[in-house]
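Undergrad: Input sequences plus hints: build the corresponding full structure.
According to my numbering, the sequence shown is numbered sequentially starting from 1.
Worth flagging that the hints you see were computed from the coordinates, not collected in a lab.
It cannot be assumed that every hint is accurate.
[Stated by the list, open to error] Cut-off 30 Å, straight-line C-alpha distance, at most; resulting in silico cross-link-like pairs (DSSO-like, lysine-lysine):
| hint | residue 1 | residue 2 |
| --- | --- | --- |
| 1 | K99 | K149 |
| 2 | K59 | K149 |
| 3 | K79 | K149 |
| 4 | K182 | K201 |
| 5 | K38 | K59 |
| 6 | K102 | K59 |
| 7 | K149 | K102 |
| 8 | K178 | K38 |
| 9 | K149 | K201 |
| 10 | K38 | K201 |
| 11 | K149 | K38 |
| 12 | K178 | K201 |
| 13 | K59 | K99 |
[To be verified] Quick list of simulated restraints, FRET-style, between CB atoms:
| hint | residue 1 | residue 2 | range |
| --- | --- | --- | --- |
| 14 | R318 | P62 | 41 to 47 Å |
| 15 | E212 | K182 | 21 to 27 Å |
| 16 | E301 | R146 | 28 to 34 Å |
| 17 | R315 | I248 | 21 to 27 Å |
| 18 | I248 | E45 | 42 to 48 Å |
| 19 | E215 | R2 | 18 to 24 Å |
| 20 | R53 | D305 | 40 to 46 Å |
| 21 | E80 | E33 | 33 to 39 Å |
The C-beta atom is built at its ideal place from N, Cα and C for all residues, glycine as well.
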Amino acid sequence: MRVLVTGGTGFIGSHIVDRLISNGHEPLVAIRETSSLKWLPNEVETIIAPMERLSPLEKILPNIDAVIHNAGVIRAKRKEDFYRVNLTATVDLAELCAKYAKNLRKFVFVSSQAAGRPGRDCDGVCESTEPAPITSYGHSKLEAERALKDFSELFPVAIIRPPVVYGPRDVSVLTYFKMVSKGFKVFPGDSGRQFSIVYVKDLARAIVTAIEYSECFSLFFVNDGEVHTWRELADIIAEEMDRRTLTIQLPKAAFYPAAMIARGLSMATGDIPLLTMEKAREISGNWVCDGSAICERMGFEPEFDLHRGIAETVRWYRDIGWI
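TA: Structure, rendered in structure tokens:
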């Protein structure tokens with residue numbers, strides 16, 4: 001299939017492109033003029049069509065069989081910025097597909113566990129759980145999901161909600177790996193807090209599998225099949241790096257003052273704050289989701305447990321000189 005991919009030059013998107021190619025599909029990646037193409041194979045076709053100006057897609061959509069919409073904003077200065085990209089641009093893309101992509105067989109939207117709600121192992125969130133996002137990011141993703149459900153009357157829609165994603169090319173989780181490499185295991189709040197996680201290659205495989213799934217509308221969580229804690233994650237990273245570490249536990253009470261300081265610095269510098277009040281609330285919770293439905297209904301099975309995924313990630317970071 002000829003597959004349009006948005007957000008295809010970044011961490012998750014570039015792995016989606018790799019999986020499409022290995023499965024025999026033909027990806028076409030929508031990019032910005034300023035996009036770095038370092039993770040894309042040279043033979044991959046691109047088209048300049050930023051999310052705020054999608055009109056160039058009109059000429060190529062008639063020949064597109066599937067769309068994987070991975071582009072989105074995860075950090076922003078204002079709440080409005082989340083909705084402008086994650087919701088409005090998603091609807092704009094869907095409207096273009098409805099108008100021009102007459103042969104569209106699937107529209108896959110890469111959403112987030114944040115569109116659901118926090119949960120522990122005893123009440124891990126599943127697809128039927130009533131969503132209750134606690135961040136503007138999560139709300140914007142949920143609203144986009146709801147809008148796309150309406151479009152499923154025109155073309156099949158699949159929504160994938162990944163939890164924490166890690167693996168080669170990732171720079172967000174890299175900071176934690178660097179701390180461990182320097183001999184520190186840092187826990188934000190309770191080290192026993194629970195969460196779900198998925199290796200990026202497993203996520204990409206699930207997303208690509210979804211373009212061939214037949215239901216008119218589907219929603220799936222995806223994870224590695226286990227429940228994890230911050231302590232377990234840090235211990236495995238330290239083990240794979242062969243490092244002895246000093247444990248530092250950051251009290252939950254410190255998150256909100258730190259977020260206020262970050263907000264003040266952001267206002268002074270104009271940069272997007274690294275920590276917000278919403279993010280502080282998010283990282284202090286448990287984020288477990290049930291990924292069994294995608295296995296039962298789509299035949300997907302994760303190939304990477306946490307040990308294998310961390311080992312491959314550490315090797316990649318070392319090979320490229322990031323740690």
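Undergrad: The structure should be examined with respect to each hint, and the outcome stated for every one.
TA: Right, here's what the structure says about each hint:
Using a Cα cut-off of 30 Å, the hinted pair K99 and K149 holds, with the two alpha carbons roughly 17 Å apart. Distance restraint check for K59 and K149: the Cα-Cα separation of roughly 25 Å lies within the 30 Å cut-off, and the hinted pair is therefore satisfied. The straight-line distance between the Cα atoms of K79 and K149 is roughly 23 Å, inside the 30 Å bound, and the hint therefore holds. For the suggested pair K182 and K201, the alpha carbons sit about 27 Å apart, so the restraint of at most 30 Å is met.
Proposed proximity of K38 and K59 is supported: the alpha carbons are some 26 Å apart, at most 30 Å. Of the supplied pair hints, the one linking K102 and K59 holds, its CA atoms being roughly 12 Å apart against a limit of 30 Å. For the given pair, K149 sits about 18 Å from K102 by alpha-carbon distance, which is consistent with the 30 Å threshold. Taking the CA atoms of K178 and K38, the gap is about 22 Å. The hint holds against a cut of 30 Å.
Restraint check for K149 and K201: the C-alpha separation of about 27 Å stays at or below 30 Å, so the hint holds. Taking the CA atoms of K38 and K201, the gap is near 18 Å; set against the 30 Å cutoff, the hint holds. Distance check on the hinted pair: K149 and K38 sit about 34 Å apart at the alpha-carbon level, beyond 30 Å; violated. Restraint check: the Cα-Cα separation between K178 and K201 comes to about 22 Å, which is no more than 30 Å; the hinted pair holds.
The straight-line distance between the Cα atoms of K59 and K99 is roughly 11 Å, inside the 30 Å bound, and the hint therefore holds. A hinted range of 41 to 47 Å holds for the C-beta pair R318 and P62, which are about 45 Å apart. The supplied range of 21 to 27 Å is broken by E212 and K182, whose beta-carbon atoms lie about 44 Å from each other. Look at E301 against R146: about 29 Å separates their beta carbons, and that is inside 28 to 34 Å.
R315 and I248 have their C-beta atoms about 26 Å apart, which keeps the hinted 21 to 27 Å range intact. A hinted range of 42 to 48 Å for the beta carbons of I248 and E45 is consistent with their spacing of about 47 Å. For E215 and R2, the Cβ-Cβ distance of about 22 Å falls inside the hinted range of 18 to 24 Å, so the restraint holds. Distance hint check for R53 and D305: the Cβ-Cβ separation is about 42 Å, which falls inside the suggested range of 40 to 46 Å.
The given range of 33 to 39 Å is broken by E80 and E33, whose C-beta atoms sit roughly 24 Å from each other.
The structure is inconsistent with the numbered hints 11, 15 and 21, although it conforms to all the rest.
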